[in-house]
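There are 2 protein chains.
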Amino acid sequence: MELFYSCDIEDGVLRLDAEESGHCVRVLRHRAGDEICVIDGCGTLLRCVLTDADPKGATAQIIGRESGFGSHPYRLTMAVCPTKNIDRYEWFAEKATEIGLDVLAPVIGDRSERKVLKTERLERLVKSAAKQSLKGAIPEVREPVSVKEFIASVPDDAVKMICYCFEGEKKSVREALSEAAGSGLLPHVRKGQNRQEVPAAQPCASPDIYILIGPEGDFSPEEAALALSRGWIPVTLGNSRLRTETAALVAATMVYSEF
Amino acid sequence: MELFYSCDIEDGVLRLDAEESGHCVRVLRHRAGDEICVIDGCGTLLRCVLTDADPKGATAQIIGRESGFGSHPYRLTMAVCPTKNIDRYEWFAEKATEIGLDVLAPVIGDRSERKVLKTERLERLVKSAAKQSLKGAIPEVREPVSVKEFIASVPDDAVKMICYCFEGEKKSVREALSEAAGSGLLPHVRKGQNRQEVPAAQPCASPDIYILIGPEGDFSPEEAALALSRGWIPVTLGNSRLRTETAALVAATMVYSEF
Chain A
1 MELFYSCDIE
11 DGVLRLDAEE
21 SGHCVRVLRH
31 RAGDEICVID
41 GCGTLLRCVL
51 TDADPKGATA
61 QIIGRESGFG
71 SHPYRLTMAV
81 CPTKNIDRYE
91 WFAEKATEIG
101 LDVLAPVIGD
111 RSERKVLKTE
121 RLERLVKSAA
131 KQSLKGAIPE
141 VREPVSVKEF
151 IASVPDDAVK
161 MICYCFEGEK
171 KSVREALSEA
181 AGSGLLPHVR
191 KGQNRQEVPA
201 AQPCASPDIY
211 ILIGPEGDFS
221 PEEAALALSR
231 GWIPVTLGNS
241 RLRTETAALV
251 AATMVYSEF
Chain B
260 MELFYSCDIE
270 DGVLRLDAEE
280 SGHCVRVLRH
290 RAGDEICVID
300 GCGTLLRCVL
310 TDADPKGATA
320 QIIGRESGFG
330 SHPYRLTMAV
340 CPTKNIDRYE
350 WFAEKATEIG
360 LDVLAPVIGD
370 RSERKVLKTE
380 RLERLVKSAA
390 KQSLKGAIPE
400 VREPVSVKEF
410 IASVPDDAVK
420 MICYCFEGEK
430 KSVREALSEA
440 AGSGLLPHVR
450 KGQNRQEVPA
460 AQPCASPDIY
470 ILIGPEGDFS
480 PEEAALALSR
490 GWIPVTLGNS
500 RLRTETAALV
510 AATMVYSEF
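In the order they appear, the protein sequences are chains A and B. Those letters in the first sequence? Residues 1 to 259, by the working numbering. Those letters in the second sequence? Residues 260 to 518, by the working numbering.
The hints are simulated quantities; they were obtained by calculation from the structure and are not laboratory data. Glycine included, each C-beta is placed from N, C-alpha and C at the ideal position. A few of these clues could be false.
Said to hold, decoys possible - On the chain B side, residues computed to face chain A include the following (Cβ under 8 Å):
#	residue
1	SER265
2	TRP350
3	LYS354
4	ILE358
5	GLY359
6	LEU501
7	ARG502
8	THR505
9	VAL509
10	THR512
11	MET513
12	TYR515
Stated by the list, open to error - Straight line, CA to CA, 25 Å or less: simulated SDA-like cross-link-like pairs of lysine to any residue:
#	chain 1	residue 1	chain 2	residue 2
13	B	LYS430	B	ALA364
14	B	LYS343	A	MET1
15	B	LYS386	A	ARG243
16	B	LYS430	A	GLU175
17	A	LYS56	A	VAL27
18	A	LYS170	A	GLU222
19	B	LYS386	A	ASP87
20	B	LYS343	A	LEU134
21	A	LYS127	A	PRO144
22	B	LYS386	A	ASN85
23	B	LYS343	A	SER128
Stated by the list, open to error - Not everything, but these chain A residues come out facing chain B in the computed CB check (under 10 Å):
#	residue
24	GLU2
25	SER133
26	LEU242
27	LEU249
The shape of chain A in the complex, shown without the other chains:
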């Protein structure tokens, strides 16, 4: 199934931008009257009939809508410090989108070697990964902020997990999620039961989960202390020594496997 994307939707009619139109009409040779599937990037799949096969700006009539298309029953924000080698970060963004990601928030730590990040390429990557993995929602890619700004910006009632190398008691991601479920923060987590039984959550009911991953040189003690003071739970990703982007993907997978 080939998905297109459009955010230009009005009165049951949508328009594809030049890039999507070219792919639809020139590459895939769709013609007026063909049925195509379009995502709105916010979670809805739109079944459409192509009405104008203009390769620079195709239009289509919406004949059906499926909300929560390819959704997951939680809302995951991954706040990850950009890696020195940006390919590894882009790889993470693509894979996390396939698995289940809602917000990619690049954060710059006190010890980050990379202090700047262009988000355009990331936006293109997560859009194409979302279409490729049949998801109606495209992850939001935020502009980079400092780790301290990010920590301060996260609501108190979210489940907030931080991965760092400092000593001290740490929970597994599963334990942190189970305790959050016990406290009512995570209505849908099923603590190891067959996730296929888990009902699709309404967006409004999706629990907010935040995971914070530091740079190659780890967080500064000040950043770690601030997170702890704001109720972030230190979690362990197991005994393997993982690169930043691998740790981020393992954490996203551990969340995914709990629902």
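Guided by the hints, dock chain B onto chain A, whose structure is given.
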């Protein structure tokens, strides 16, 4: 910590090959008398003193050994059909090594578009990933065999999981491992308790876990039927539509997170 690799070890003395010697002496400028750490690729970390800093063939005296260095309490064989784009397969091999992998067994399915695979690059990748992630053991990379040959070659008493898209009852990886633990196949699986409590298993005690992942076009019905007839457990990796290499890494991570 910088690790070197040597399989040329005799009477407490080891020799680094030309590549490792060059890296040790030319790049890192180690001199005779320096302490270096070397892995034997079979799980042991060797603490050594460099005795001859020959950039083409350095030798070192072993002064300490640490077995089970960076080990995990299970033995995981990932049998994965090579992807059309080999970069994605190499990426999986590198990441799975970081997380925990013992054997990479490329398998060719009836529907595989890629029928041949050179293993030299994969061997170099997993060796460098093992050193980078501080593991004493380097995953074994097997020569490709057909899916049917592979299925027939796996011992009956191993935990064997297959990921396919055919209909029918499927278990989660966690359920499959928990049931295996219940049947005594997996002495170390802890069903969701804090994995930090899990004692490091002796190699001989490590449960044998096999995961089989098909090509982009899935397994053929004959391959799936053969696997079922040989006791392979169909597992689900959740509701997300994952690429071959992503599915393989998610499966490896799901095993990792159970120990």
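Hint check results:
no.: 1; hint: SER265; in the structure: 21 Å, violated
no.: 2; hint: TRP350; in the structure: 7 Å, holds
no.: 3; hint: LYS354; in the structure: 6 Å, holds
no.: 4; hint: ILE358; in the structure: 6 Å, holds
no.: 5; hint: GLY359; in the structure: 6 Å, holds
no.: 6; hint: LEU501; in the structure: 6 Å, holds
no.: 7; hint: ARG502; in the structure: 6 Å, holds
no.: 8; hint: THR505; in the structure: 5 Å, holds
no.: 9; hint: VAL509; in the structure: 5 Å, holds
no.: 10; hint: THR512; in the structure: 4 Å, holds
no.: 11; hint: MET513; in the structure: 5 Å, holds
no.: 12; hint: TYR515; in the structure: 6 Å, holds
no.: 13; hint: LYS430/B to ALA364/B; in the structure: 23 Å, holds
no.: 14; hint: LYS343/B to MET1/A; in the structure: 19 Å, holds
no.: 15; hint: LYS386/B to ARG243/A; in the structure: 16 Å, holds
no.: 16; hint: LYS430/B to GLU175/A; in the structure: 22 Å, holds
no.: 17; hint: LYS56/A to VAL27/A; in the structure: 12 Å, holds
no.: 18; hint: LYS170/A to GLU222/A; in the structure: 18 Å, holds
no.: 19; hint: LYS386/B to ASP87/A; in the structure: 21 Å, holds
no.: 20; hint: LYS343/B to LEU134/A; in the structure: 20 Å, holds
no.: 21; hint: LYS127/A to PRO144/A; in the structure: 18 Å, holds
no.: 22; hint: LYS386/B to ASN85/A; in the structure: 20 Å, holds
no.: 23; hint: LYS343/B to SER128/A; in the structure: 18 Å, holds
no.: 24; hint: GLU2; in the structure: 13 Å, violated
no.: 25; hint: SER133; in the structure: 5 Å, holds
no.: 26; hint: LEU242; in the structure: 6 Å, holds
no.: 27; hint: LEU249; in the structure: 7 Å, holds
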